[in-house]
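Input sequences plus hints: build the corresponding full structure.
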Amino acid sequence: MSTKQQIATKSNRTKMTAGQYSLTGFMGLYAAACLLPILLVLVVSFSSDQSIQQKGFSFFPEEWSLKAWQYVLGYGRQLLVSYGVTIWITVASTVIGLIVMSMFSYALSRSCFSLRRQLSFLLLFTMLFSGGQLSQYLVETTIYGLKDSLWALILPGVSAMHVIIMRTYIQGNVPESVIESAKIDGAREYRIFWQIVFPMMKPTLASIGFMKAVGVWNDWQKAYLYISSPSKTPLQLLLIRIEKSIEFLLQNSEQIPAAEYMLLQQNMPQESGRMAILLTALGPIMIAYPFFQKYFVKGLTVGAVKG
Amino acid sequence: MKLLKNTWKNRSLLVMSLPAVILLILFHYVPMFGLVLAFKRYNFSLGIWNSPWCGLQNFKYLFMVGNTAWRLTRNTVGYFLLFTLVNTTGEVFLAIGINEMVCKRLAKYFQSAMILPTFISYIAVSFIVYAFLKNETGILNRMLTGMGFSNYSFYLKPKVWPAILTIVKAWKGIGYGSVLYLSVLAGIDQELYEAADIDGAGRWQKIRYITLPLLVPMIVIMTLLGLGNIMHSDTGLFYQVTKNVGALKSTTQVIDSYVLDAIANSTDYGMTAAATFYQSIVGFIMVIGTNLAVRRISPENSLF
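Chains as they are written, first to last, in the numbering used here: chain V, 1 to 307; chain Z, 1 to 304.
Hints are not guaranteed to be accurate.
For the chain V half of the interface with chain Z, some residues (derived, Cβ under 7 Å), not all of them [said to hold, decoys possible]:
| no. | residue |
| --- | --- |
| 1 | A31 |
| 2 | Y71 |
| 3 | G132 |
| 4 | V139 |
| 5 | T141 |
| 6 | N218 |
Not close to chain V: a few residues of chain Z, all C-beta gaps over 10 Å, as computed [what the hints assert, rightly or not]:
| no. | residue |
| --- | --- |
| 7 | P19 |
| 8 | L26 |
| 9 | T84 |
| 10 | V102 |
| 11 | Y152 |
| 12 | P162 |
| 13 | Q205 |
| 14 | L227 |
These are computed hints drawn from the structure, not numbers from a lab. All residues carry an ideal CB built from backbone N, CA and C; glycine is no exception.
Structure below.
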């Protein structure tokens, strides 16, 4: 019997290898297709603009060049300011959001707290109905005065989905007995939360924090509508501005005196320069991503099991 | 009275909830009242509350004049259905593929690569798409002219954009979406496969008769929950990737990008308000409906 089974599994395995090879090959191709466009950005940022002009965008440029990166360094001040702005709003929004939401989720997880039913409803209703982009924009700019204020990008930080994920995590991973015994020892709710529950929430805080941070880092829409002064321009908006000014110059090239146009064109980022700036905006996420992968894969799964 | 007593006893929990409650009220509840704008003629100097009422006039413009409402609805709902179909299929395929791979280390690396596009901003995506589709120098146009075809002006041809946007959306979302299905696969009882082995089932039969049926509940739930968002779209995809080019709007403009465009250019808030009102109401009905459906199938996955 056992030899028969061995033969069976063996034949199964040899039959598998052909299938395995093609499966691995196919998955590998797809993985490559996911990475190649990002690689293209990297390659173009190191290509010379003449070869892009003549040969077009290519993974194999005729001529390599560091000019784009020199351009990025020369762009200097505004890029640095935008980097600072993006880092500030990302950190502030993530930290504030995590603290506010975790405290709320803790309160909602406590079964002795009767008001939690009403508060849960207050939270869940935001998933059903929203005022929409326009009224949000008008309320925030005309009533709260958040036009051209970074707080518009930092503050609106309560996501019902995230609170539910955190609450579910607390209910599943922090035993009631731990909280009860701390209470018997005389600890008050604040202490129980900060010293016991908050540290135990580390995995879910990491996954939600990473999601939130990426969301803020990549967000362009809010900045596009609210922010006008250069000193408050985050990276994504800077990219939009650069793109827009190039389009503007190209469309109005006839109206600008030739000599001036030449000068402008020299200072204008060419294709490679734009890709280099883009890469500086993408970089931090690509670097942080591998460290957070295990957390957000886990966090996502936890959230999906019970909404 | 009992509630008040309990709340007083747990006042520290109430205090801990307060920051979130204040943010919810300021940024979610107050804007809900802003929807009254749909029934008003907005005047910049008078503000939201003091602008004069105008009845259903805004809706009349939106639905009766031209085909704006029809075009926006068709695009919004159409893309939603297309993306759901393509991405769900892709996610299930990918999850099964990764799960079946024998070399787990390699599978992990592949998965990391597949998830990466999710974290790239749409601004970056629009730059990349442009590098592929640009006139003359774009990669696709190079290939076309290299094969003897003439240059194709992608940014002037609305017809091809549903395909382009679907590819971009799939590229960005499938890898990440498959993680969820992979977690379901990890939870499948291995004895089922062992029993199938004894019965002489092959790899394909096991996928067909064990794996897929066990994935169906999650597929149904995710699709239904997604339907609640049918009126909302990825603004970045429709506004940035298309570069908001006028020539493409007939096939690429959705409600969200229409509203964004209107705010950015400060034009015609009345009709825009009517559009967001329409969006909110239909969205509300869809969320309620789909959640009732989900609750019947699997109560632990419903929102309420």
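Hints versus structure:
For A31(V), the suggested interface contact is upheld, since its CB lies about 4 Å from the closest CB of chain Z, less than 7 Å. Hint status for Y71(V) relative to chain Z: violated, with the closest Cβ pair at about 15 Å, above 7 Å. A least Cβ separation of about 3 Å between G132(V) and chain Z falls short of the 7 Å threshold, and the interface hint therefore holds. Proximity of V139(V) to chain Z holds as hinted, the smallest CB-CB distance being about 5 Å (cut-off 7 Å).
The interface hint given for T141(V) is broken, as the beta carbon of that residue sits about 10 Å from the closest beta carbon of chain Z, more than 7 Å. At about 4 Å, the closest approach between the beta carbon of N218(V) and any beta carbon in chain Z falls short of 7 Å, and the interface hint on this residue holds. A Cβ of chain V approaches the Cβ of P19(Z) within 10 Å, the least distance being about 5 Å, so the stated non-interface status is violated. For L26(Z), the condition that its CB be more than 10 Å from all CB atoms of chain V is violated, with the nearest at approximately 7 Å.
Residue placement check: T84(Z) keeps its beta carbon more than 10 Å from all beta carbons of chain V (closest about 17 Å). Residue placement check: V102(Z) does not keep its beta carbon more than 10 Å from all beta carbons of chain V (closest about 6 Å). With a closest Cβ-Cβ approach of about 13 Å to chain V, Y152(Z) is found to remain outside the 10 Å limit, as its non-interface label requires. Once the 10 Å rule is applied to beta carbons, P162(Z) is consistent with being away from chain V; the minimum gap is 20 Å.
No beta-carbon of chain V is positioned within 10 Å of the beta-carbon of Q205(Z); the least distance is around 13 Å. With a minimum CB-CB distance of about 13 Å to chain V, L227(Z) clears the 10 Å threshold, and the non-interface call stands.
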